[in-house]
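Listed here are the chains, written in short residue letters.
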Amino acid sequence: MNSVASKRLFQEYEHLTTDPPDGITAGPVNEDDLFVWEAMIQGPEGTPYEGGVFPAELKFPKDYPLMPPTMKFQCDLWHPNVYPNGVVCISILHPPGDDPNHYEQASERWSPIQSVEKILISVMSMIAEPNDESPANVDAARMWRERRPEFEKRVRLDVRRSLGL
Amino acid sequence: MADASKTSINIPQIIAVALVGFLAFRWFMSKPSTPSGTGFNTASTRSRGNQAVDLVKIDQIAAMFPQLDRRTIAWDLHRNGGSVPATTERVLAGRGLDAPPPSYQPALPAPAAQAPVVGISGATAGKGRGKQQEDLITRYQLQERVGGKGKEAVVSEEGLRSQNVWSGDKVVRAEGLKRRREEMVLAARRKMEERGGSDS
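Going down the list, the sequences are from chains A and B.
For the first sequence, the positions run 1 to 165 when full-length UniProt numbering is used.
For the second sequence, the positions run 1 to 200 when full-length UniProt numbering is used.
Please keep in mind that the hints were generated in silico from the structure rather than gathered at the bench.
Each residue gets a CB set at the ideal place from its N, CA and C atoms; glycine is no exception.
Check each hint, because a few of them may be wrong.
[Unchecked claim] The following residues of chain A were derived to be distant from chain B, with all beta-carbon distances above 10 Å:
#1 Met40
#2 Val53
#3 Pro65
#4 Lys72
#5 Val87
#6 Pro95
#7 Ser107
#8 Glu129
#9 Pro130
#10 Asn131
#11 Pro149
#12 Arg154
#13 Arg161
[To be verified] Calculated lysine-lysine pairs in the DSS-like style (CA-CA distance at most 27 Å, straight line):
#14 A:Lys59 - B:Lys170
#15 A:Lys59 - B:Lys178
#16 A:Lys59 - B:Lys57
#17 A:Lys62 - B:Lys57
#18 A:Lys72 - A:Lys62
#19 B:Lys170 - A:Lys118
#20 B:Lys191 - A:Lys59
#21 A:Lys118 - A:Lys7
#22 B:Lys191 - A:Lys62
#23 A:Lys62 - B:Lys170
#24 B:Lys170 - A:Lys7
#25 A:Lys153 - B:Lys191
#26 B:Lys170 - B:Lys191
#27 A:Lys59 - A:Lys7
#28 A:Lys62 - B:Lys178
#29 B:Lys57 - A:Lys72
#30 A:Lys7 - B:Lys178
#31 B:Lys170 - A:Lys72
#32 A:Lys118 - B:Lys178
Please model the entire structure based on the sequences and the hints provided.
Right under this line is the structure:
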């Protein structure tokens with residue numbers, strides 16, 4: 001089982017290195033442990049996150065790719081779908097099968113045909129378009145819904161600060 | 001007559017006595033381990049035997065809520081008699097789980113995913129799970145490379161493309177990944193600096 005996961009992760013690493021999607025860098029923190037990755041995602045253009053770079057840690061289970069990894073941003077990311085502690089809440093990271101709450105379709109959730117690349121691209125579009133139906137950060141969601149200018153200002157400030165400016 | 005009545009009554013009697021005895025015995029034996037809402041003491045005597053089951057339950061909840069600490073989950077399960085639905089309900093209701101007392105140290109095997117993260121630089125080591133206030137320049141130790149404005153050699157598109165090479169050597173691969181990461185931060189910083197002048 002272990003070798004299946006390692007092999008697959010190694011292949012994905014190679015693919016992401018030779019043909020990285022725009023604005024995304026990802027790979028294992030240390031190749032001796034392929035189950036912990038660090039990914040960098042650029043803030044999508046035309047959003048308050050534009051110009052920012054957001055590092056995140058991906059942790060893969062031993063039975064990857066049957067089960068999805070978890071993803072946690074290592075920086076402040078004020079976003080309705082990111083928990084205050086940085087954990088990302090997005091359907092593609094949810095275990096396969098039907099959602100007991102019927103919010104998500106099985107096809108949106110994790111399945112072994114998904115990949116790290118698809119996760120990172122999904123997260124990038126999630127950053128651009130928050131889904132406030134099931135917010136992970138209730139305060140951010142409320143601000144996003146009710147006081148959009150304040151929300152955007154806060155995000156821009158966070159981005160500048162994260163770059164040491 | 002005595003003989004006849006004895007034999008005819010005895011068999012059902014024996015059965016009845018055995019049944020009552022069995023039920024009484026079962027009731028007596030099961031009583032201490034019946035989950036009760038507030039039974040801290042009973043729960044603790046029980047948890048040893050149910051350790052294996054509890055781990056599965058903890059895994060279940062940890063899978064649903066990766067943000068939760070496993071010890072906190074264990075504590076909540078421990079208190080509600082090992083009910084996964086009750087703990088799930090509690091988290092979903094937004095009430096959160098109580099922090100376990102320091103004395104509560106269940107023997108939880110360290111989950112594989114929580115293997116110590118070897119930082120690419122010293123800056124990532126030993127960071128807590130809370131908010132990280134350090135910026136990316138500090139995190140990736142790029143202080144020296146952002147000092148001189150515009151002095152930093154800008155890597156061309158061509159140069160960036162040539163970094164996308166898969167090397168057979170893992171040290172070279174790690175170097176390449178590190179460089180791409182740093183380049184991403186530095187490029188973002190340069191852009192933000194340029195924009196900073198025109199903005200606001």
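For each hint, the structure was consulted:
A Cβ of chain B approaches the Cβ of Met40 of chain A within 10 Å, the least distance being about 5 Å, so the stated non-interface status is violated. The non-interface label for Val53 of chain A is inconsistent with chain B: the shortest C-beta to C-beta separation is roughly 5 Å, within 10 Å. Under the 10 Å C-beta cut-off, the non-interface status given to Pro65 of chain A relative to chain B holds; the minimum distance is some 14 Å. Under the 10 Å C-beta cut-off, the non-interface status given to Lys72 of chain A relative to chain B is violated; the minimum distance is some 8 Å.
Not every beta carbon of chain B lies more than 10 Å from that of Val87 of chain A, the smallest distance being close to 4 Å; the non-interface claim is violated. Distance check on Pro95 of chain A: its Cβ comes as close as 6 Å (rounded) to a Cβ of chain B, failing to clear the 10 Å threshold; non-interface status is violated. At roughly 20 Å from the closest C-beta of chain B, the C-beta of Ser107 of chain A stays outside 10 Å, upholding its exclusion from the interface. Here Glu129 of chain A stays apart from chain B, with its beta-carbon at least about 21 Å from theirs, past the 10 Å limit.
Look at Pro130 of chain A: its CB is around 18 Å from the nearest CB on chain B, clear of 10 Å, so calling it non-interface holds up. Listed as a non-interface residue, Asn131 of chain A keeps its Cβ farther than 10 Å from every Cβ of chain B; the least gap is roughly 17 Å. Every C-beta of chain B lies more than 10 Å from that of Pro149 of chain A, the closest at about 14 Å, which supports listing it as non-interface. Every beta carbon of chain B lies more than 10 Å from that of Arg154 of chain A, the smallest distance being close to 14 Å; the non-interface claim holds.
Some Cβ of chain B comes within 10 Å of the Cβ of Arg161 of chain A; the nearest lies about 6 Å off, and the non-interface call is violated. In summary, the hint linking Lys59 of chain A to Lys170 of chain B is supported, as the alpha carbons are separated by about 20 Å, within the 27 Å threshold. Only pairs whose Cα atoms come within 27 Å are accepted, and Lys59 of chain A paired with Lys178 of chain B is accepted, the gap being roughly 19 Å. About 20 Å separates the Cα atoms of Lys59 of chain A and Lys57 of chain B, which keeps this hinted pair within 27 Å; it holds.
Restraint check for Lys62 of chain A and Lys57 of chain B: satisfied, since their Cα atoms lie roughly 18 Å apart, inside the 27 Å limit. At roughly 18 Å between alpha-carbon atoms, Lys72 of chain A and Lys62 of chain A fall within 27 Å of each other, so this suggested pair holds. Under the criterion of a C-alpha separation no larger than 27 Å, the hint pairing Lys170 of chain B with Lys118 of chain A is consistent with the structure, at around 24 Å. Annotation: proposed proximity of Lys191 of chain B to Lys59 of chain A is violated, straight-line Cα distance about 31 Å (limit 27 Å).
Simply put, Lys118 of chain A and Lys7 of chain A have alpha-carbon atoms about 18 Å apart, close enough for the 27 Å limit, and the pair holds. For the hint linking Lys191 of chain B to Lys62 of chain A, the alpha-carbon distance of about 39 Å lies beyond 27 Å, and the restraint is violated. At roughly 22 Å between alpha-carbon atoms, Lys62 of chain A and Lys170 of chain B fall within 27 Å of each other, so this suggested pair holds. Simply put, Lys170 of chain B and Lys7 of chain A have alpha-carbon atoms about 15 Å apart, close enough for the 27 Å limit, and the pair holds.
A C-alpha spacing of about 18 Å is found between Lys153 of chain A and Lys191 of chain B, which places the hinted pair at or below 27 Å, so the restraint holds. Only pairs whose Cα atoms come within 27 Å are accepted, and Lys170 of chain B paired with Lys191 of chain B is rejected, the gap being roughly 31 Å. Straight-line distance between C-alpha atoms of Lys59 of chain A and Lys7 of chain A comes to about 16 Å, which keeps the hinted pair within the 27 Å bound. For the proposed pair Lys62 of chain A and Lys178 of chain B, the alpha carbon gap of about 25 Å is at most 27 Å, so the pair holds.
Distance hint between Lys57 of chain B and Lys72 of chain A is fulfilled; the C-alpha atoms sit about 23 Å from each other, no more than 27 Å. Under the criterion of a C-alpha separation no larger than 27 Å, the hint pairing Lys7 of chain A with Lys178 of chain B is consistent with the structure, at around 22 Å. About 25 Å separates the Cα atoms of Lys170 of chain B and Lys72 of chain A, which keeps this hinted pair within 27 Å; it holds. Between Lys118 of chain A and Lys178 of chain B the alpha-carbon distance is near 22 Å, which keeps this suggested pair within the 27 Å criterion.
The structure does not agree with the numbered hints 1, 2, 4, 5, 6, 13, 20, 22 and 26 stated previously, though it agrees with the rest.
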